[in-house]
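Trainee: Protein chains in written order, with numbering that gives the first Met the number 0: chain D, 0 to 95; chain A, 0 to 481.
Check each hint, because a few of them may be wrong.
No more than 27 Å apart at the CA atoms, straight line, and that leaves these computed lysine-lysine pairs for DSSO-like [stated by the list, open to error]:
1. K74(D) with K88(D)
2. K323(A) with K25(A)
3. K323(A) with K88(D)
4. K78(A) with K128(A)
5. K68(A) with K88(D)
6. K49(D) with K25(A)
7. K291(A) with K74(D)
8. K49(D) with K78(A)
9. K393(A) with K68(A)
10. K291(A) with K88(D)
For the record, the hints were derived by calculation from the structure and aren't laboratory data.
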Amino acid sequence: MSADKKLIRRIADLSNIHIDDDELEGFAGDMDAIIGYMEQIKNIDTGDAKPMEHVLPVHNVFRDDIPEDSFEREKLIENAPSAEDGCFKVPAVVEQ
Amino acid sequence: MEYEVIIGLEIHSELKTDSKLFCSCKNDFGGEPNTRCCPVCLGLPGTLPVLNRHALELAVRAGLAMNCKISGFSKFDRKNYFYPDMPKAYQTTQYNLPVCYDGYVEIEVDGITKRIGIERIHLEEDAGKLIHDAYGSGSLVDYNRCGVPLIEIVTRPEMNSAEEARALFETIKSILEYTGVSDCKMQEGSLRADVNLSVRPKGQKQFGTRTEMKNLNSIRAVYRASQAEAQRQIEILERGGIVYQETRRWDDRKGESMAMRNKEESMDYRYFPEPDLLPVIIGEEWVASVEKNMPELPRSRRDRYVNEFGIPKYDADLITMNKKLSDIFDRAVAVCGKPKLASNFIMTDIMRRINENGEEILDANLTGDNFGQVLLFLDRGDITHAAAIKVIDKIVETGEEPKHIIDGLELWVQRDEDLINNAVTSVLEANRPALDDFLAGKDKAFGFLMGQVMSKLKGKCDPAQVREVLMKEIDKSAGRQN
Chain D
0 MSADKKLIRR IADLSNIHID DDELEGFAGD MDAIIGYMEQ IKNIDTGDAK PMEHVLPVHN
60 VFRDDIPEDS FEREKLIENA PSAEDGCFKV PAVVEQ
Chain A
0 MEYEVIIGLE IHSELKTDSK LFCSCKNDFG GEPNTRCCPV CLGLPGTLPV LNRHALELAV
60 RAGLAMNCKI SGFSKFDRKN YFYPDMPKAY QTTQYNLPVC YDGYVEIEVD GITKRIGIER
120 IHLEEDAGKL IHDAYGSGSL VDYNRCGVPL IEIVTRPEMN SAEEARALFE TIKSILEYTG
180 VSDCKMQEGS LRADVNLSVR PKGQKQFGTR TEMKNLNSIR AVYRASQAEA QRQIEILERG
240 GIVYQETRRW DDRKGESMAM RNKEESMDYR YFPEPDLLPV IIGEEWVASV EKNMPELPRS
300 RRDRYVNEFG IPKYDADLIT MNKKLSDIFD RAVAVCGKPK LASNFIMTDI MRRINENGEE
360 ILDANLTGDN FGQVLLFLDR GDITHAAAIK VIDKIVETGE EPKHIIDGLE LWVQRDEDLI
420 NNAVTSVLEA NRPALDDFLA GKDKAFGFLM GQVMSKLKGK CDPAQVREVL MKEIDKSAGR
480 QN
């Protein structure tokens, strides 16, 4: 697999990152190098390896279903760039 | 041409836990915005989610109730998307290893039982709510619901009509209610369905293009939206047109759907394993203990009503479809000992109330205890059927004790024979022509006379006793005539 300008544009759109058209070429080159590096994995024989579903050898960590006090609302919205009526305020969203 | 309709449902149901899925904020409905939130459910940097054990058990319970296999090994994944209802910019859900998979539920339409496959049931978190500001300067976000535990139940595309889709939705709703997995309050959005639907000419092997109808939050909406969408697609094909794969929004008021803005790319959620949550291993012993604590399911309750109480299957089906109603019935039978009387009363009077005023009447004042007491009085002949209906009216309204209501409205049946004799004599005297009609063979006149006597007694006497006295007096006057 290799990266082209179209792929970079698609990833940028999905990630909500703004990239100018004249930057696409450069990013495609960088991405290509990364993909090339990762491609080496394909040469390893994984015939006997079990799929790794998680990096940690730990499982079943739970909490009991006991509610506790939530955070103070004022504290929670203190850092929000914009707030109104106890709500976070975001740019108008058109229902998708 | 004849077409075959193919429907699959995705049902989202909020779980009845006390706290959220990954933090200790309260799981509740309504309230002041953003008062049940913390850094974990707001996805602030540096926080770590921890799974609510009870939520996991409820998902397992739902799976067992729908005949699913329970995954020995299960894990969580991130579903990435940008929308302000999810502050982390991803939803924690399960991708390739759901808690439950490969089950089925049985539905019944027109007396025919059909098995519908359940592909999977997975755990995930609910999103917050956007409040659209009237001035259009921005949207306000309330994250109280963000992080509330949900299960998503995905069926196989095995329903072939709107009736079957409705039956499946109703059946799953009642299973979730009975097992205590969810309270299924649809008006609060705690149960909602997406309908995936396609049509194809009968006999064709290949599936047609399917559309997805999002967020239907009533049984009626599932039915109407399925019917309308099947019709819409058939009309397109009949015209030689093309059905596009798209997400549509149902407008229940207009009874039609509209295509939602379709961003082709947005379907790429770039799922990947959630590194902040550890995998879950559910052993056989754990599954067995969940199974042991499983409440009685609607089907087994229905069979009990039919076999032990001798109630018609149709009635038993209707009563058990609604858990609250079925609980009221069970308790009322325990109080009055008359299952048939209780079911007859439910099928007529209580069903009428539910149809007119909605299921909410079962949430408040009417209980199995007070309903059972009313039936007990009715069965003993202490009150008339008409009076029983009045008492229930009052119970629904105020929640007062039946005995107080009957005292207050003076509804006790009068057994005073003199009172009845006097009423009968005076009615017969005043209605000589009706009496003559009856004696001349017009049976209908009896009903008229009976009505007159009952109305004179203000309905407070036992109709059986009144009838007896009236018959006797009529016989006497017939004797005098001959």
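Trainee: If you draw a straight line from the CA of K74(D) to the CA of K88(D), is it 27 Å or shorter?
Mentor: Answer holds: K74(D) to K88(D) is near 15 Å, not above 27 Å.
Trainee: Take the C-alpha atoms of K323(A) and K25(A), compute the straight-line distance between them, and say whether it is at most 27 Å.
Mentor: 24 Å, holds
Trainee: Given the hint that K393(A) pairs with K68(A), test it: the Cα-Cα distance must not exceed 27 Å.
Mentor: Distance ~48 Å between K393(A) and K68(A) Cα, so the pair is violated.
Trainee: Between the alpha carbons of K323(A) and K88(D), is the straight-line distance 27 Å or under?
Mentor: 40 Å, violated
Trainee: Below or equal to 27 Å on CA atoms is what counts here, so check K291(A) against K88(D).
Mentor: Distance ~47 Å between K291(A) and K88(D) Cα, so the pair is violated.
Trainee: Are K78(A) and K128(A) close enough, with their CA atoms no more than 27 Å apart?
Mentor: 18 Å, holds
Trainee: Given the hint that K49(D) pairs with K78(A), does the C-alpha gap stay at or below 27 Å?
Mentor: 24 Å, holds
Trainee: Is K68(A) within 27 Å of K88(D), Cα to Cα?
Mentor: Answer violated: K68(A) to K88(D) is near 43 Å, above 27 Å.
Trainee: Given the hint that K291(A) pairs with K74(D), test it: the Cα-Cα distance must not exceed 27 Å.
Mentor: Distance ~44 Å between K291(A) and K74(D) Cα, so the pair is violated.
Trainee: K49(D) and K25(A): Cα distance at most 27 Å?
Mentor: 40 Å, violated
The structure shown violates the earlier hints numbered 3, 5, 6, 7, 9, 10.
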